[in-house]
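K.L.:
Sequence:
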Amino acid sequence: MEAELTGEKNREIILEDNSLYLYSIQPVEITNVLGAVIAVLEEYSITGSKGENYKIYKTKEGNWYDIADITPAVNNPVLRALKLAIDNK
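Here the sequence shown is numbered in numbering that gives the first Met the number 0, starting from 0 and rising by one per residue.
Hints are computed from structural coordinates only; laboratory data are not their basis.
This one's a predicted model, so the numbers in the text were calculated from it and none came from an experiment.
Incorrect hints may have been included.
Said to hold, decoys possible - When the alpha-carbon atoms are kept at most 30 Å apart in a straight line, the in silico DSSO-like pairs for lysine-lysine are as follows: (1) K88 / K57; (2) K54 / K82; (3) K82 / K57; (4) K49 / K88.
Between the sequences and the hints, there should be enough to build the whole structure, so can you do that?
P.N.:
Take a look at the structure:
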C-alpha cells in the first residue's frame, strides 16, 4: 500500500485510496509503576476525514512502538500505511 505525505505545515497524509488524515505530534513519557521514566516517545494523534482517531508512537531512534491498550488493532492495514507515509516523509 503506497501512501504520500504532503503539506508539512498542515501535516496531512493522503493514502493511495485518497483518504485524508491530519496529524499532530507531541512528546510523551512512558513511566513504570514506580513513576520512573522508561521511554520518551513521539505521539502521533491522527484523525481521518471520516472521524476515525488513532494514536501511534515512535521512538527517537525511528522505531514504531505499539501500545495495545491505546490502539488495539496493531495489524490494521491503515495503521501500517500511516506509519509508512510518516517514515517516507
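K.L.:
Determine which of the earlier numbered hints do not hold for this structure and return their numbers in increasing order.
P.N.:
none
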